[in-house]
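*Asks:* From first to last, the protein sequence lines stand for chains A and V. Each step along the first sequence adds one to the number in my numbering, with nothing skipped, and position 593 is 593. One gets my numbering by counting positions in the second sequence from 1 and adding 1000 to each.
In short, the hints are calculated from the structure, not lab data. By construction, the Cβ of each residue, glycine as well, lies at the ideal position given by its N, Cα and C atoms. Fair warning: there could be bad hints in the mix.
[Claimed, not checked] Taking lysine-lysine pairs in the DSBU-like style, the calculated list, with each CA pair at most 35 Å apart, reads: (1) A/K408 x A/K431; (2) V/K1171 x A/K37; (3) A/K408 x A/K355; (4) A/K443 x A/K355; (5) V/K1048 x A/K365; (6) A/K365 x V/K1055; (7) A/K408 x A/K490; (8) V/K1048 x V/K1092; (9) A/K355 x A/K365; (10) A/K490 x A/K444; (11) A/K231 x A/K250; (12) V/K1048 x A/K443; (13) A/K355 x A/K431; (14) A/K431 x A/K444; (15) V/K1171 x A/K250; (16) A/K431 x A/K365; (17) V/K1155 x A/K250; (18) A/K408 x A/K444; (19) V/K1048 x A/K444; (20) A/K431 x A/K490; (21) V/K1202 x A/K490; (22) A/K250 x A/K365; (23) V/K1055 x A/K355; (24) A/K37 x A/K365; (25) V/K1155 x A/K355; (26) V/K1048 x A/K408; (27) A/K408 x V/K1171; (28) V/K1092 x A/K444; (29) A/K443 x V/K1171; (30) V/K1202 x V/K1171; (31) A/K250 x V/K1092; (32) A/K355 x A/K231.
[What the hints assert, rightly or not] Looking from chain A toward chain V, a few residues come up when the C-beta cut is under 7 Å (computed): (33) P19; (34) P24; (35) T28; (36) W32; (37) A258; (38) G307; (39) F360; (40) R364.
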Amino acid sequence: MGSVLEMTMNYNGLDSVLPGVTKPARYTGGEWNSVVKDWDETEIKVALAYPDVYEVGMSNMALMILYDILNNEEDVLAERVYTPWLDMEQAMRAADIHLYTLETRHPLAEFDIIGFTLPYELNYTNVLNMLDLAQIPLLASERDGTHPLIIGGGSGTYNPEPLSDFFDLFVIGEGEEVILDVLHLYREFGGDKHELLSGAAEIEGIYVPSLYEVHYNRNGTVREVRPTHPKAGPIVTKRIVDTLPPTPTKVVVPYVEAIHDRAMIEIQRGCTQGCRFCQAGMIYRPLRERPLDEIVTTADELLSVTGYEELALLSLSSCNYGRIEELVETLLARHSPEHTSISLPSLRMDSFSVKLAEMFQGRRKTGLTFAPEAGSERLRRVINKLISHEDILSTAQAAYSRGWQRIKLYFMIGLPTETMEDVEAIAALVKTVRDIGRRQRGKKAQVNVSVATFIPKPHTPFQWLPLEERSRLEEKQALLRRLIRGRGLKLSWNDPDTSLLEAALSRGDRRLGRVIQDAWRRGARFDAWTEVFEPQRWWAAFSAQGLDPSFYAHRERPLEETLPWDHISSGVSREFLISEYERSLREETTIDCREGPCRACGILATFSTDAQTAQKALWGCTPVKETPG
Amino acid sequence: MRQEQRRQQRLRITFAKGEEVKYISHLDVMRLWERALRRASIPLLYSKGYNPRPKISIAAPLAVGFTGKRELMDLFLERTIAPLDFAASVRKQLPTGVTLAEVEEAYPALPSLQSQVRSAEYRIIVETQETPAEIQGRLGGLLRSEHLPRQRRGKEYDLRPLIEDLWLAEKTEEGCVLRMRLHAGEQGTGRPDEVLAELRLKDSVRAVQRTQLYFTSPKDTA
Chain A
1 MGSVLEMTMN YNGLDSVLPG VTKPARYTGG EWNSVVKDWD ETEIKVALAY
51 PDVYEVGMSN MALMILYDIL NNEEDVLAER VYTPWLDMEQ AMRAADIHLY
101 TLETRHPLAE FDIIGFTLPY ELNYTNVLNM LDLAQIPLLA SERDGTHPLI
151 IGGGSGTYNP EPLSDFFDLF VIGEGEEVIL DVLHLYREFG GDKHELLSGA
201 AEIEGIYVPS LYEVHYNRNG TVREVRPTHP KAGPIVTKRI VDTLPPTPTK
251 VVVPYVEAIH DRAMIEIQRG CTQGCRFCQA GMIYRPLRER PLDEIVTTAD
301 ELLSVTGYEE LALLSLSSCN YGRIEELVET LLARHSPEHT SISLPSLRMD
351 SFSVKLAEMF QGRRKTGLTF APEAGSERLR RVINKLISHE DILSTAQAAY
401 SRGWQRIKLY FMIGLPTETM EDVEAIAALV KTVRDIGRRQ RGKKAQVNVS
451 VATFIPKPHT PFQWLPLEER SRLEEKQALL RRLIRGRGLK LSWNDPDTSL
501 LEAALSRGDR RLGRVIQDAW RRGARFDAWT EVFEPQRWWA AFSAQGLDPS
551 FYAHRERPLE ETLPWDHISS GVSREFLISE YERSLREETT IDCREGPCRA
601 CGILATFSTD AQTAQKALWG CTPVKETPG
Chain V
1001 MRQEQRRQQR LRITFAKGEE VKYISHLDVM RLWERALRRA SIPLLYSKGY
1051 NPRPKISIAA PLAVGFTGKR ELMDLFLERT IAPLDFAASV RKQLPTGVTL
1101 AEVEEAYPAL PSLQSQVRSA EYRIIVETQE TPAEIQGRLG GLLRSEHLPR
1151 QRRGKEYDLR PLIEDLWLAE KTEEGCVLRM RLHAGEQGTG RPDEVLAELR
1201 LKDSVRAVQR TQLYFTSPKD TA
């Protein structure tokens, strides 16, 4: 019989709060493949933080990659921490339990470095909340060498300004190599923050916000982002890796069901389609494929070390992986005997994709998802989404006739040059698809329509455009609700407050730091969760700080204006973005980089020394035949 | 019996769910086992149809927060494996906190484990300054009641017939160890937290361990 002592030994602060919260296993760790190193024997302690709840964070590929790289360094340990849900936060504050990491339950404040990934603007208040729960001063200016170094990474760093007050430095771009540069620096300068930050400023891809001053024009726009330190350069260019480094296989397998509860392999990074609204398509250039043999070997290892029942092949546009059909066939042949399924996160809208989906969905046809994005061909040309009306209908035909009952279609409203006719075209298209489904599958045919509000993002050809006015958006949403109803149709749309906040934060400047702090003080957290989001907190915060979200969201910015993120470079030139913007207004399309002549987006020019290597063949760039112009 | 059915095997597993994993849910436990067995390359039998699931069945769910000393689970395999080989492969794939205690072959045509569960026994550590006599008094009072009307999810039920036995096992420095055997099955399932609520000791509980499950034997069901 287990001793009484054994059973009471663990009754500590956590045991007094965990029984009272939902999903307590979010906070207890001990998962298969989690790495626990000797705390006292390991020199550098890094905490990897995801600013949302455990189930969301555990599906994040970037942190899995960094966890693996860091733990492979002998003198480094990496542990994980996620945002405690509201009930756990309350319980922790009441019991004076400070935020801790899962592997060894050490307080976050005892770490040397904390790396946050920033995938989404509506997570920003969670960053502050986590620092506060860890009893770490929120402002970088109030922290010294005795506090952890706070680093930010991920897509949010492409406009890092709103978070400048809180982070010591940002890593722009891909972290696999630059993280090693940071460690190198840390080994040298350790607790001397001053030396650390000036050393960091010299590393390509690292932005140290405290070494820059922002000057504003009288009308509130940015006049200049000026370096105040000799080591800080005027432009910080993202880091990339020439070829994709090996992807981790010994990944942590959660007990709690993660939002994407499966094994993942990144089969390629970047995208060549050039959709004009898409930030990811611009900032993750150039396209790099992972060799097929490597994917197959990795899959074997990954599945045997985790036991996952599903393998997802990740990329921005998986159907465009060169040998996708061969890859799926090979993986299915190897792994379906043990009942492992394969999935692709997104599909191109053509019959090839349907054929592919049939291979991996097999008899169990759950549903197919496509993203036409706009209802009319005209508007699709504007946004550079090259799908014809015929493509859409024939894909729907193929899907329904092969046995699928449910198709999900993604659209956007608020796109540039959009008219009411374009919005009506969404409804007409959706109904035509439903009718095709009905002819094939009868009453069971279903079309789920998701209409998101377009939000202009930094580093895209549409970065100067305004978010559509709320009343116009609501009018369009009401029209869609009227037109898209009835049997076999389901419609969802975005809440306008969420869109406004996201639009303001994504294209905001450094002054938003005060707003984020104010909103957090008023109780804002988990803003990405509709059931928790309280817009009034934010509007009150903006107002109290003398700022207006419309200034950032609704203003059409002249091309000459200095944008708050102009000092951060994605490698894609401003000239290219302007050229694409002007083409959009003329409804001119730009072909996929792999199918047409290089349009000199700037990537090859920026990374020319890297591109000399033999690996260039695996980049999705055709060689430059003519001078950019 | 068809050739392939003759090769199929039913294994009965006894395992422990310990301190380190006490907060994971029943569904988490099912998923944990499926993945550990897949890592060990155990040839699980999958159901047919659109959504093949492995044939793993756990006798009775264990509440979040409780540890379990002798939990039972049946597995169906596609082909026969020697129990010792099974144990050797699987033990290497189990996370800390989950231990494999026993594995034995079971007759494939036996009724399901869930249908055979009759009762469950628990050990509960309570922190209290009361004397043994005072605690015995509480227990005795409860056992002497004929009915204990309660509500669960809006429905009324009587807890008393679900309490098969209840006794003070040990006195410790911080308090005591209670043991109880509660009915599980068609007439209802008694829950330790409900008994503790009736004893007004709910807030003094420090640990709950399910020590044993009891089953009706197949011949009893005739």
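*Asks:* Of the numbered hints stated earlier in the document, which are not met by this structure?
*Replies:* 2, 11, 15, 17, 21, 24, 25, 27, 28, 29, 32, 37 and 39
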